[in-house]
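Combine both chains into one complex, guided by the hints.
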Amino acid sequence: MNPMLDKLSTLWPEMTLLAGACVCMLAGLSGSAVVRRSPRWIAAVSLLLAGLCVATSSVAEPRHTGAALVGVAGLAVYVKMAIVAVGLLLLLIASQVPDRLRQTQDAEAATGRGGVFDPAGVMRGEFFAFFLLSLCGAMLCAGAEDLVWLFLALELTSLPTYVMVATSRDRAGAQESAVKYFFLGAMAAAVFLYGFALIYGATGSTQYDQIAAFVHAQSASGQALPPLFIVGLVLAVVGVSFKIAAVPMHFYAADVYQGAAGPVTAFLAFVPKTAGFVSLIGLLGPACQANAEQLQPVIWLLWIMAVLSMTVGNTLGLLQHNVKRVLAYSSIAHSGYMLVGLIAAVAAATTPGAVTAGEHLGNGVAALLFYLVAYGLATLGAFAVLGCVTTDQGDEAQTYDDIAGLGQRHPLLGVIMLISVLSLVGLPPMVGFLGKIYLFGSAIQHGYIWLVIIAVLNSAISAVYYLRIIGACYFAKPNDQTQVAVSPAVQLGALVAAVGAVMLGVAGGRLVDAARDAAAPPDAAVVETAPLPDGDAESWSPQWADTSVKW
Amino acid sequence: MLTTLAVDSFSHYAPLGVLLLIALAFGAGNLVLTRVVGPRRLGEVKGMVYESGVNPISSARRRFNVRFYIVAMTFLVFDVEIVFLYPWATTFPSLAEGSELAPLFLGRMLFFVLTSVIAFAYAWRKGVFRYD
Chain X
1 MNPMLDKLST
11 LWPEMTLLAG
21 ACVCMLAGLS
31 GSAVVRRSPR
41 WIAAVSLLLA
51 GLCVATSSVA
61 EPRHTGAALV
71 GVAGLAVYVK
81 MAIVAVGLLL
91 LLIASQVPDR
101 LRQTQDAEAA
111 TGRGGVFDPA
121 GVMRGEFFAF
131 FLLSLCGAML
141 CAGAEDLVWL
151 FLALELTSLP
161 TYVMVATSRD
171 RAGAQESAVK
181 YFFLGAMAAA
191 VFLYGFALIY
201 GATGSTQYDQ
211 IAAFVHAQSA
221 SGQALPPLFI
231 VGLVLAVVGV
241 SFKIAAVPMH
251 FYAADVYQGA
261 AGPVTAFLAF
271 VPKTAGFVSL
281 IGLLGPACQA
291 NAEQLQPVIW
301 LLWIMAVLSM
311 TVGNTLGLLQ
321 HNVKRVLAYS
331 SIAHSGYMLV
341 GLIAAVAAAT
351 TPGAVTAGEH
361 LGNGVAALLF
371 YLVAYGLATL
381 GAFAVLGCVT
391 TDQGDEAQTY
401 DDIAGLGQRH
411 PLLGVIMLIS
421 VLSLVGLPPM
431 VGFLGKIYLF
441 GSAIQHGYIW
451 LVIIAVLNSA
461 ISAVYYLRII
471 GACYFAKPND
481 QTQVAVSPAV
491 QLGALVAAVG
501 AVMLGVAGGR
511 LVDAARDAAA
521 PPDAAVVETA
531 PLPDGDAESW
541 SPQWADTSVK
551 W
Chain U
1001 MLTTLAVDSF
1011 SHYAPLGVLL
1021 LIALAFGAGN
1031 LVLTRVVGPR
1041 RLGEVKGMVY
1051 ESGVNPISSA
1061 RRRFNVRFYI
1071 VAMTFLVFDV
1081 EIVFLYPWAT
1091 TFPSLAEGSE
1101 LAPLFLGRML
1111 FFVLTSVIAF
1121 AYAWRKGVFR
1131 YD
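These protein sequence lines are chains X and U, in that order. Here the first sequence is numbered in the working numbering, starting from 1 and rising by one per residue. Here the second sequence is numbered in the working numbering, starting from 1001 and rising by one per residue.
Keep in mind the hints are simulated off the structure, nothing from the lab. Any given hint might turn out to be false.
What the hints assert, rightly or not - 20 angstroms max Cα-Cα, derived EDC-like pairs, lysine to aspartate or glutamate:
1. U:K1126 x X:D106
2. X:K7 x X:D146
3. U:K1126 x X:E155
4. X:K180 x X:D170
5. U:K1126 x X:D118
6. X:K180 x X:D255
7. U:K1126 x X:D99
8. X:K7 x U:E1100
9. X:K7 x X:D106
10. X:K7 x X:E145
11. X:K477 x X:D392
12. U:K1126 x X:E108
13. X:K180 x X:E155
As the structure is a prediction and not an experimental result, all values here were calculated from the model.
Chain U with its partners taken away, still in its complex shape (with noise of 0.2 angstroms):
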């Protein structure tokens, strides 16, 4: 199977092109349109980051406690490697019966699982869920 995309011509890339203008119009029109369109109402609430959320308390160039950094590490962690069991919860019901490859796409997803395991285990040990 030889392809030979992009050898000659970039005209494959034409969608992306065409994609890349209507993001770029997409971005200014709005701008243009609240500028015409919309009401313009000031005012102290107005004004703020969030207009509907919580009230800021200060400005966000504040120090936070580094504890913050590691729990959103471990979240990160074991947040993507959740999402890596979709994709295979839905393939690994389309192997045939009887697959050889059945034992070892399951070993390779207990493996994974066992490394999250050890990612718990150790984080626990190493005192990272612990706040006093």
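Same shape as in the complex, but just chain X (with noise of 0.2 angstroms):
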């Protein structure tokens, strides 16, 4: 088979996004009452088709062997199915929220009227199109096998969600984040693609099996790895943690999530953080050919993002009054500990012989694999309930006083809101604590006992503001100035996102199986171009990795 249609082969799911979103774009403008409601379920449709195109691949080999932290075949699918599966709920809980914008309601009022339907200010089709078009970005992230491919499938997967906070709501605020969100984000893609143009520079070629035989060449000669891939893998990885929104690309994240509708936040929330997260595992791959000295400025670098997305995010989380606020600095704050486990990853990788492939504890990837589901759950249900609360002046529930006493007004969506928030917390038996255990466990494995010290504090700064939540839903006088409005596809989603946080907390064996078996690193851990010397086969052999303590 030729390798181009090799490749091809493995992107039914993605192309079956790409034909769901087409599709969508039209439907959404038909003079037909039926057909221009349907985007949803063609939506639906084509993602439930993506899942069977995912369920059913076969797991096909690795073009490349050696090239990456983990096997890129096994992430692939797993990422896939993740996206496929928050990505359904995803769509359950933004259902509506097209159809709640004055524009729409007001061209099916005068279509109603007996008019023409005139679908200029109507946004169904494209909301929903660009909702496939952003997931469909995601898959194609964790499929990436080139910096070029990276490059366009990070900008897929951000462009749209532009559109979709611009759209969300008919408020100035809306258009102001999506405006920010548009530039910052312009932003953090030049400061990438620099850091790819120096990869590319610094190696001669941008797909990742070539990148890592130049460093694995470097590596076996004792040569110290060039200056300028340094700097364009330290850009890189800056430039890509804007998109998991951590320091020190984490500006927008408040402001942005304040002004999107709730569902929306939710939606970026999870898939730009995923796509993010995969990129930076392609991404950091290559580099792991080198020992631990020849990257420790990348370590280094890693660490510090941790330590300060952790920090600086808890600590704005207190001081704010709006609970989105208050979440979007949790999103900060747990980039900072799926850095953790990102930096266990690369620790392990770097160290001969401290290759913990099987162990539950110890692999840095499968815990970040684990805990972007974990807290996709989470807060996709934290989100959601938000955006059933309006305010008198018909806006989304903001402040910890328009939720106050929604234990009491509404009891299905305070017990989901405590769940989604005990599992940000990472309290037994939510899934956030199994999460928060493999993350930590992995860095404990590597010795990096005061990085996870740094993490367990700040989980505790965490609490105060998720207590302060859970105090305004349960402890508050119930909020009259408010409005509580469900509807089924909603609580639906939000309901099985809230039990599956509880289940995959009691019974998660299985997830953390596939994360597992998705971290497992390829079959041959030596690059096929540029074979080691013969008389250092001995220093490879297994063996307990040094788990002296680091920092």
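What follows is the structure, given as structure tokens:
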């Protein structure tokens, strides 16, 4: 088979979503009321079909060996499956977003009075088409084996979200946050693209396996990595950290999360973050052919980013009165926790003999993949509940006062909020607890004691503002100024997310196994094009790593 | 294939540096040459923005109809899409007879054309081409 056809045959899920997006775009313009209300169903069907494609796809042999932290094929299947599953829940809670816009209701009312339907201001088709395109981009990030491919996939993930934010509410605030998001996103894209260019300049290739071969050759011959490569990698990591909302690229998070409608905010908290972390795993994979000393600047960068993200996120979260902003800062902090897992993964891959595949604790990538799903479920429930409460001005609930007494006014929403927030805190038996155990356990395994101490302290700090949300829901005087309106779809989506957060926490073995399999390193750990010198074979035999205490 | 371009030295970039110098010299040289050699005839017509074009009617900083912005965008979209047809059309005939890539290449281009048809239908239905 031709390699191009081979690669194409792994892309059926993405092509399904792309076709679904095209159909959504046209269906939303139809003069027939049934057809123009159908994009949400079209989106659901194409997501299910994409899930079917992922489930039935044979895990193809990776095109290259030894280039990655993990086998690309297994990682891609896990991430695509997670995107389909969480994407379906996101679709449920977002299914009413375009219908609630004033211009949609005006157009429908004009049609009801006997006029001809004018699609100019109605965003149903666009919203769900962009929803699918963004998911498609996140899936493409998971299968990326080339820097150019990765860049295009990251942009495909981000560009639709700018429009989704702008059109999710008929408020100037939504457009303000979309503009901020767009300009900062463009800047971040410039930063990581510059990084990619430097990596290409240093290694002479944009393909992961070629870059890995270059790094391996440098490492095997005992030379230091070229500074150009290190600088490129640092820029690429910092640029991509915009997608995961980690310090120093976190400034947009609070404003954008506040401006967008609740379901769209949940989308922003899961999809770009997943795409960003998968891209980081892919980018760092080739670099991990080097040894720990050569890669020290990058490890330090990740360490600083993790600590700052956790600390800045949680400290600023304490100061907020707006629940959406609180959850935005919590999103920043959670990126910090997940970076801890990434650091452990890089440490494992760069220390010969420390490959701990098959170990539940100690496999940073597996912990990260598991935590992405755990965080996605918890944050989805929280934002879905916020989206159900409207203030007197017809705006979404924002402050602690707006959700006061939600537990008494709507017990089900209260419980969903409770479960989501407890999972974000990381209390047993929620899935967040299990996820944090794996993340921090993997870091301890590789000696990052201080990092874990900082992370645990941060979890304790974060409990303050999470418990404030619970306090507002259950122990505050019910607020009569707000209305609670739940559509069945939102209720179903949020409920499934909450049940999932508990079930996976109690019996998450299957997901843990799936994450571990997805994070299994590729079979051949040595690059074929640059074999090790014979004399070195002895030192590569498996042995327990020197787990001395590191920062 | 391991290339270690620009790893040890930046000498590979020397042609770029020379090009940059030539560009700077060309720009500066022209300015100097016009000043030294060129005739100086000042006048009202000579001082206009477009000496030999349409006479400007006012400052450029006036309001334009926002429709021009959408027209410009649609033009850009379709213009760029058509440009992509050219490299494809020059490559496609050079595929080997009966190559398994042929249906793939054709399918891709057909899908690409389909997306521009979708974009056209979308723009039409959204009222981009309605002038009333």
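inquiry  = What's the verdict on X:K7 and U:E1100, does the C-alpha distance respect the 20 angstroms limit or exceed it?
reply    = holds (14 angstroms)
Distance restraint between X:K7 and X:E145, which requires alpha-carbon spacing of 20 angstroms or less = holds (10 angstroms)
request  = Would you mind confirming whether the straight-line C-alpha gap from U:K1126 to X:D118 stays at or under 20 angstroms?
outcome  = holds (8 angstroms)
message = X:K7 and X:D106 were given as a pair; does the straight-line alpha-carbon distance stay at or below 20 angstroms?
response = With a Cα-Cα distance of about 46 angstroms, the restraint between X:K7 and X:D106 is violated, given a limit of 20 angstroms.
message = Just to be careful, I want the Cα atoms of X:K180 and X:D255 compared with a cutoff of 20 angstroms; is the pair within it?
response = Holds, at about 8 angstroms.
ask   = Holds or violated: are the alpha carbons of U:K1126 and X:D106 at most 20 angstroms from each other?
value = holds (16 angstroms)
message = X:K7 and X:D146 were given as a pair; does the straight-line alpha-carbon distance stay at or below 20 angstroms?
response = Given pair X:K7, X:D146 holds - Cα atoms ~12 angstroms apart, limit 20 angstroms.
query = For the pair supplied as a hint, U:K1126 and X:E108, is the alpha-carbon distance within the 20 angstroms limit?
reply = Roughly 15 angstroms separates the two Cα atoms, so the pair holds.
inquiry  = So if I understand the rule, the pair passes when the alpha-carbon distance is 20 angstroms or less; does U:K1126 with X:D99 pass?
reply    = holds (18 angstroms)
message = Just to be careful, I want the Cα atoms of X:K180 and X:D170 compared with a cutoff of 20 angstroms; is the pair within it?
response = holds (17 angstroms)
message = Run the distance test for X:K477 versus X:D392: straight-line Cα separation, threshold 20 angstroms.
response = holds (17 angstroms)
ask   = Keeping to a limit of 20 angstroms between CA atoms, is the pair of X:K180 and X:E155 held or broken?
value = Answer holds: X:K180 to X:E155 is near 16 angstroms, not above 20 angstroms.
When held up to the earlier numbered hints, the structure conflicts with 3, 9 and fits the remainder.
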